[in-house]
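Trainee: For reference, the chains in residue letters:
Protein chains: 2
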Amino acid sequence: MDRAWLHAWEGMIPVHTPKEAAEWELAHASEGAGVQVCVKPEMGEAYCLRSGIVEGGETGVLQGAFQYLASQRLGKPLPQGMQQPCYALRMLNCWDNMDGSIERGYSGPSLWFSEGRVQFVPQRIQWAARLLSSCGVNVVCINNVNVREPAQELIDSMLPDVASLAALFRAYGIRLMLSVDFSHPLRNGLPTADPLDARVQAWWRERARRVYEAIPDLAGFLVKADSEHRPGPFTYGRNHAEGANMLASAIAPFGGVLVWRAFVYNCQQDWRDQKTDRPMAAYQTYMPLDGCFSDNVILQVKHGPFDFQVREPLSPLLLGMQKTHLCLEVQLAQEYTGHQIDLYTMPPMWAEVMEELPQDRLCAVCAVGNLGSGPFLTGHPLAAVNLYAFGRFGWQPHMDVAACIRDWVRLSYALSPEDTETLCGVLLKSRAVYESYTGSLGLCWMVTPGFHYGPSPMGYEYDSWGTYHRADRNAVGIDRTEKGTGYVLQYPAEMQEKYGKKENCPDTLLLFFHRMRYTDRMRDGRTVIQRLYDDHFDGAQQTREMQRVLQAIPFPAAVGQAVNQCMEKQVRNAQEWCDVSNSFFHRLSGIEDEKGRIIYD
Amino acid sequence: MDRAWLHAWEGMIPVHTPKEAAEWELAHASEGAGVQVCVKPEMGEAYCLRSGIVEGGETGVLQGAFQYLASQRLGKPLPQGMQQPCYALRMLNCWDNMDGSIERGYSGPSLWFSEGRVQFVPQRIQWAARLLSSCGVNVVCINNVNVREPAQELIDSMLPDVASLAALFRAYGIRLMLSVDFSHPLRNGLPTADPLDARVQAWWRERARRVYEAIPDLAGFLVKADSEHRPGPFTYGRNHAEGANMLASAIAPFGGVLVWRAFVYNCQQDWRDQKTDRPMAAYQTYMPLDGCFSDNVILQVKHGPFDFQVREPLSPLLLGMQKTHLCLEVQLAQEYTGHQIDLYTMPPMWAEVMEELPQDRLCAVCAVGNLGSGPFLTGHPLAAVNLYAFGRFGWQPHMDVAACIRDWVRLSYALSPEDTETLCGVLLKSRAVYESYTGSLGLCWMVTPGFHYGPSPMGYEYDSWGTYHRADRNAVGIDRTEKGTGYVLQYPAEMQEKYGKKENCPDTLLLFFHRMRYTDRMRDGRTVIQRLYDDHFDGAQQTREMQRVLQAIPFPAAVGQAVNQCMEKQVRNAQEWCDVSNSFFHRLSGIEDEKGRIIYD
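Chain order of the listed sequences is A and B.
Numbering of the first sequence is given in this note's numbering, commencing with residue 119 and proceeding in unit increments.
Numbering of the second sequence is given in this note's numbering, commencing with residue 119 and proceeding in unit increments.
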């Protein structure tokens with residue numbers, strides 16, 4: 119078992135409550151010797167630390183114990199005053215399938231599903247729970263939002279198995295959530311799944327009763343509806359508030375929340391259609407429903423309007439909805455961001471999101487998980503930083519990103535201060551490097567269709583997913599200003615001003631918001647095409663530089679070997695990305711690189 | 119069961135030899151009443167027909183009986199004199215996998231494999247054998263040339279099952295062939311599969327003995343070696359003559375032939391490499407070995423130097439090798455030619471091949487099969503014409519293509535003379551129509567990678583398969599003249615003259631042999647880009663026209679329905695192909711269509 123950022127422990131730890139877990143952690147670390155745990159139930163998840171004392175709510179004491187030990191190990195003073203999480207719901211969304219595969223998973227098979235059943239090694243679950251708890255996650259949705267057979271059984275015949283799993287997580291203050299199939303009633307003999315049909319409502323009420331009987335502290339249900347061929351209320355001519363509220367009402371008596379994903383768009387778009395603009399879809403669907411959702415519904419909105427690309431502007435829905443509980447969704451699984459082959463440290467990206475998003479606009483955060491049962495917890499050993507940082511992000515969204523990364527490095531590896539800083543430096547810039555060879559100037563989706571890794575400049579160009587750059591011999595990018603698709607109008611006025619004008623628009627989003635000629639000059643004086651070439655070359659070059667630097671870090675042998683293997687692939691793939699992208703734009707534009715570097719035709 | 123071009127018969131026909139089968143066919147058709155069958159063993163596959171008498175060799179009598187009945191039904195005079203096949207080996211290559219799937223199969227699952235075993239419905243096998251025999255096929259290779267587990271068991275534990283299958287085919291004068299795994303000895307404990315290793319030679323000799331004990335008339339073994347990751351002699355530093363001759367020697371005592379596929383090229387090419395030219399690979403590999411192959415080796419060469427594209431020049435290897443037995447390989451399975459959705463009648467293509475290929479250069483013909491157990495024998499009901507015509511092609515490669523197609527139509531459907539001619543017209547032009555929207559001017563490989571259907575202009579452009587068009591803003595195509603890759607030099611002088619000069623090169627192969635600017639004029643005065651646009655638009659338009667015409671043909675209901683369903687898809691797909699291809703070239707060239715038709719950007 120990888121130790122990650124906690125001290126390792128083989129075998130089961132005999133604890134059943136967060137208090138016991140807190141006491142165990144303190145008792146099994148030299149830094150925790152003699153520290154007392156004092157539960158004050160009214161404190162909930164909050165805690166106070168004083169020398170020798172951890173005081174907090176029933177789960178707060180465990181958070182406090184982890185924080186106490188971390189502060190000691192990092193040589194930092196104990197935090198002053200009451201500590202409490204910014205968001206009450208800090209969820210990991212695991213896209214685990216019942217066959218043990220994980221959709222967009224790059225860390226090995228599922229920890230809790232295989233062969234169509236709930237099957238797990240208790241120590242491994244406890245280890246995952248301990249890790250997640252130690253960084254601050256408090257809810258885990260265990261099954262893929264695409265609920266395929268036999269995952270419906272999780273709220274039926276497999277409830278006892280789910281309850282066993284829940285018990286292991288519960289000891290660490292983590293509650294489970296379950297993704298449900300909106301059309302489930304059809305499977306049980308009902309002629310409809312119409313949310314306004316009394317039989318459907320009764321069916322869900324009864325089902326919720328059974329589920330909560332087995333798992334009284336279940337956090338709730340998660341639903342992906344009417345999205346990418348999933349069933350949903352649209353089938354019955356109902357809107358998403360009607361769909362969500364019906365389910366929410368079924369679980370409300372038990373204190374459950376209904377998390378509803380806002381990832382709705384037309385995935386069968388005609389590429390000839392230049393009016394429909396996919397990033398506009400969620401806003402168009404949900405803004406009219408603002409204020410219509412029940413109090414225990416949370417709308418889960420991806421950070422950007424597309425789908426977890428390396429660079430997207432903030433989803434306008436997150437700014438627009440005023441009367442709806444919102445959950446920000448990010449993705450730790452590196453679907454479009456390197457498949458946990460390429461180094462990609464995410465907190466800088468989240469910090470950018472929070473620069474534009476007042477933290478009180480949200481009531482929850484959620485991350486698509488990067489956990490698996492492969493050799494390292496998160497595939498690439500250094501991808502663990504994203505899991506750790508996400509937990510902290512839920513407590514403190516305006517955290518100091520560099521400090522958070524440094525804490526992770528120091529808790530994970532015993533490196534010299536110089537090596538620590540070097541590693542932190544690489545981690546901090548890794549996202550910008552990946553962006554420069556894969557998504558310069560806000561161009562995205564130039565990846566192998568379906569697989570979502572590797573360069574394919576035209577991969578999605580004539581497909582039905584609404585993700586086009588429309589590069590031709592003169593220009594590239596989509597005009598999303600009021601003269602184009604009008605997407606920019608979904609933003610508040612000051613952001614319209616920022617994004618809607620070429621002269622104000624950040625370089626990183628230039629071709630997302632504007633169509634530019636290759637010969638147009640950017641603010642730094644370079645032409646668009648030269649900037650594309652420069653970024654691609656720089657990205658490949660910086661990847662080699664990161665490889666060189668990382669090779670010199672004295673990681674534990676197994677970690678070092680895995681990091682080096684990943685970096686070898688990343689260097690090769692970044693070069694391929696650079697060469698293919700440059701070739702593509704050179705063939706189109708006919709313009710040579712000003713610096714005379716090799717562009718293959 | 120579909121009747122195809124024979125009269126239908128449900129249930130088993132109780133025959134065990136071709137003579138019995140001949141007698142049964144005659145006895146069960148009004149046109150055969152009273153016709154006598156007379157076997158003269160020395161005549162082999164040949165036959166003579168006279169009124170009331172079919173005389174021929176042991177298999178010849180069955181061929182004669184089918185021909186007798188066909189002549190009567192078609193109202194044609196009986197052929198005069200002795201009839202014998204041009205090629206002794208006329209093989210169907212079935213790419214059936216043991217799990218029941220068929221590689222590049224579009225006609226439903228395998229007729230003889232499922233669940234990893236040889237499993238079949240005897241009537242269905244007999245029906246296939248009867249059909250194949252009736253058109254002239256005499257060998258069926260039953261398993262995929264990519265021999266994957268557990269297909270090696272076909273020459274091991276599954277021999278009795280294969281023998282049962284062989285018996286059903288044998289009654290119709292058809293022998294089986296088996297694809298073997300060159301590395302098979304490794305699987306049975308040998309440390310090597312080196313063809314020059316005495317243990318390997320002994321292993322194959324003993325294995326051949328066992329195989330021929332079970333199936334004494336097995337036609338032989340078929341091998342795909344050192345191709346697309348298949349094992350082969352290169353692993354041991356041996357050449358392909360050494361590999362083939364070793365296997366040939368093992369089966370020679372039993373009269374077997376060893377068919378060796380010449381489909382060898384570098385499938386991990388770097389797209390940056392402009393010197394390596396995939397079409398040159400087979401010639402480079404095999405020409406130096408001319409004269410080195412044993413007498414019972416046949417080299418199986420695809421008709422073109424690539425891989426069954428809609429348009430390729432003749433493989434120079436077929437013209438070059440003087441001292442090697444050659445088999446021409448064509449593909450009935452519509453891998454790149456429409457997936458048995460699009461109408462694509464192949465005999466016109468084969469006739470073009472034979473225009474440049476003296477028929478005595480070959481000793482055999484082979485076709486990748488289009489048989490399956492789906493609702494129609496060949497997926498698209500009208501694709502059956504290709505199977506029928508292939509059988510006749512093996513008897514008479516310089517056949518009258520239009521007459522052959524007309525015979526098939528008349529044997530298959532009871533249509534009026536007008537409808538017959540209309541249908542023949544559609545079939546005859548169908549290949550040209552498909553070519554015009556998918557492969558104008560010899561451009562090919564612009565298909566969805568892996569799947570090989572649907573437009574993807576850049577699909578293979580940065581891949582490793584050596585199949586590039588290198589379209590840029592000014593020009594498209596590969597210069598394969600002596601100034602380019604030099605591929606044209608693999609041809610005899612007169613063909614170098616024909617293909618190597620733009621002014622002589624047929625339009626259909628212009629961009630295969632030459633790189634042209636979009637603004638270059640063709641012989642008909644049109645620019646290259648205009649010709650591309652015209653072809654794409656014409657192809658889509660002609661597809662609609664074919665649909666209109668076919669809708670008026672009074673097919674039997676089930677056939678008509680299937681044809682209409684396919685045509686609906688073809689019309690939609692041809693339009694997509696047209697629009698995507700035009701968009702692609704318009705974005706690159708910036709040149710408008712002279713006729714002002716809509717090109718989407």
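Treat the hints with care, as some may be off.
Pairs involving identical chains hold if they fit within one copy or between any two copies, as the list cannot separate such chains.
As the list claims (entries may be wrong) - Straight-line C-alpha distance at most 30 Å; calculated BS3-like pairs for lysine-lysine:
1. 393 to 713
2. 158 to 601
3. 687 to 393
4. 547 to 616
5. 687 to 713
6. 547 to 619
In short, the hints are calculated from the structure, not lab data.
Trainee: Sort out which numbered hints this structure fails and list those numbers smallest first.
Mentor: Checked against the structure, the only hint that fails is number 2, while the rest are satisfied.
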